Amino acid sequence: MIQSRDSAGLRTRYLARLAGRKHFIQGDEAAALGAIYAGCSFFGGYPITPASEIAEVMARELPNTDGYYVQFEDELASISAVIGAAWAGARAMTATSGPGFSLMQENIGYACMTETPCVIVDVQRSGPSTGQATLPAQGDVMQARWGTHGDHEIIALAPSSAQECADLMIDCFNLAEEYRTPVIFLMDGEIGHLREQVVFPDPDTVTLTPRRQAAPGETVFGGQTVPPMLEFGHGGYVHVTGSTHKEDGMRDVQTQAVHDRLVRRLVAKIETARDRVARVDLDAQEGAEIGVLAYGATARPAKGAVLRARAAGRRVTFIRPVTIWPFPHRQIGAACRSLRRLIVPEMNLGQLAREVERFVTCEVVPLGKIGGVIHSSSEILAAIQEGGR
Amino acid sequence: MSLRELNDPEYFDAWAAAVAPADRPPPDPEYGTRDPLAGLLDADLTAGVDTGPAQHRLLPYLRRAILPTTFCVGCGGGTVLNAFTHAVDEMGLDPRQMVCVTGIGCSSWIPSPYFLCDTLHTTHGRAVAFANGVKIMRPDLKVIVIAGDGDLAGIGGNHLIHAARRNIDLAVFLVNNFIYGMTGGQVSPTTPFGVRTTTTPYRNVEHPFRIADVVAAAGGNYVARWTTYHPFQLMESMQHAIAKKGFSFIEIVSQCPVSYGKMTNMSDPVRILEYFRDVAIHVEAARGMSEDELEGRIVVGKLVERDRREFGAGLRELNRERREALGAELAPDAAPEAAGEGVEDR
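Protein sequence lines correspond, in order, to chains A and B.
This note's numbering numbers the first residue of the first sequence as 1 and each following residue consecutively.
This note's numbering numbers the first residue of the second sequence as 390 and each following residue consecutively.
These aren't lab readings, by the way, just hints derived from the structure by calculation.
None of the values given here were measured: they were computed from a predicted structure.
Any given hint could be a false lead.
Taking beta-carbon pairs under 8 Å as the criterion, some of the chain B residues facing chain A (in silico) [said to hold, decoys possible]:
#1 485
#2 715
#3 719
In silico SDA-like pairs for lysine to any residue, Cα to Cα no more than 25 Å straight-line [claimed, not checked]:
#4 B/634 / A/285
#5 A/369 / B/485
#6 A/303 / A/285
#7 A/246 / B/714
#8 B/634 / A/231
#9 A/246 / B/634
#10 A/246 / B/455
#11 B/634 / A/71
#12 A/303 / B/459
#13 A/246 / B/719
#14 A/22 / B/485
All residues carry an ideal CB built from backbone N, CA and C; glycine is no exception.
Next up, chain A with everything else stripped away, as it sits in the complex (with noise of 0.2 Å):
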């Protein structure tokens, strides 16, 4: 447990209070109290729809839990501040929507170079540019696993509740730490704006991965899959550069094979960490010919569809990928051996879909919709029941 701020038990009585009761709030609310739950002690910010309320709670509760909430010039600031205030010993993270996350893809990849713990939410909306701002979309999928530029692995989860906005933030920032790397929450606007009821756990139950830090003699930069951080202000003469590095963390920008080293490591260390991190939530269906596979909002739907298939006699297997990146194909795989089609319904036009079809043996046939219209239970059925045909 994070509580080394904590002067006389004041935060164990505040998170003591937040679990002793229900709370009906939406889901970037739920967000932003589970990243309190996870000690997060650092928000940069940048206002934007349908991320703002995540920013609201984060100023309004930050102060209780001597966090701080600064909100920036641009989300360029933000997700720099990030950065700074994580190797200033922040847990830190940052929240907005795609034009924002835009703005931020080239210090996602700083971040996953220097190997910065830190969380980054993106509340999806309906794009591209400014698109459908208001309007719901899961169009970020693609760019939450290859928006910044060179070879890299993501850990990108995505919340199907306002529930799961709260429990899987306090993975995220679990995962950030674990692995010494940026994790995208992976929201979108249908699960930022849903109003349900939310539950906090006992705080006792919540274990916090600390940050490892370095024994003397130990590399920062390498020397081992994931490398222990130094803070800065301990003596440690810290050298955090985005350029290619040694692993003591001085630059070596000509050798090819200090390059390969580091970037290899830095794709392996998400790459070995894959079965761990995947999670599936898997409802399958003896003799299933049908699959359907769906996240975030776009799951409640289609977990409705399948439940009203079965009802009406139709066997069909319900697949929700949990961890988005790294991808859980070998679940997936393994889910969809014995189907003869999966359906893939997602906000977008078939960004998944098409990373799903990479791995699975059966046809997959992608169920777009955009336009900030949510799937309806009756569409996905619907699909279920031409595919049964």
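With the hints as your guide, set chain B onto chain A.
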């Protein structure tokens, strides 16, 4: 500041002829070809012993293993590093309590990697933005940004003025050499009007920022301008900026004889320094002079000093107040909240 004449080759030649008569001794043919640290560092590193009196007393402040610096011969970066290191030494600062934050460009290399403290070498333009996060979390550390005109006045200009407005306790040193030097000499937001660069091959048709004046208008508690001709004044100004609470800013007019010099006939660093000497005018002397009279002059000295509330102090005070209130709310003997249905609508 307008440096129109400085960048007009004809004018510059005329000026150079006037200040440097023909009987000026020829330059040392070996100038710049020798590594001033050759032998010294190798011996130091391989033997692991103090090499004695030849060692500069300020070398312990530098990351010695990567010396000499990559700065071109005649670059102003070395002068700035020298002034900065002297400033830190004279102030008695512990480098372990300092963080130098830099961006991309030659000037960012002045402290990072050369100065031995925690160094955060960030993306282009974002040094001030990163520094915000460091300073807010660790107000006990001295956080110093050194970067160039392209970085701080160009791509990162928005962060600069907002940090000044916020009055966060940073010391920002903008090394203004009027050019994107690292990329080979492209026009920058401080390049004087009419000057040729690789991307203004005919002439620059844009007006430059007077960047120290911009920062002074935006806020900040201390704003000054010096040149690399004034290393002692610069050193004192740096000490003042580092010690001063709130946002401090020094524009350091510097020379780039290579990338700036190649298109402007200004490739002799000594002559450029002499030029800085001749056109610099102290802010007190400049007071009351008209725009026309100040044309072509570099106004140096302290432009602004004030004592606005520092940002971090305000943040921390707010947190203290809030936590006192929360402590009272959550005190074990506080009146229990009315038991409702257990569902709270926010």
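> If you check each hint against the structure, which ones fail?
Replying inline: The structure breaks hints 4, 5, 7, 9, 12, 13, 14; every other hint is satisfied.
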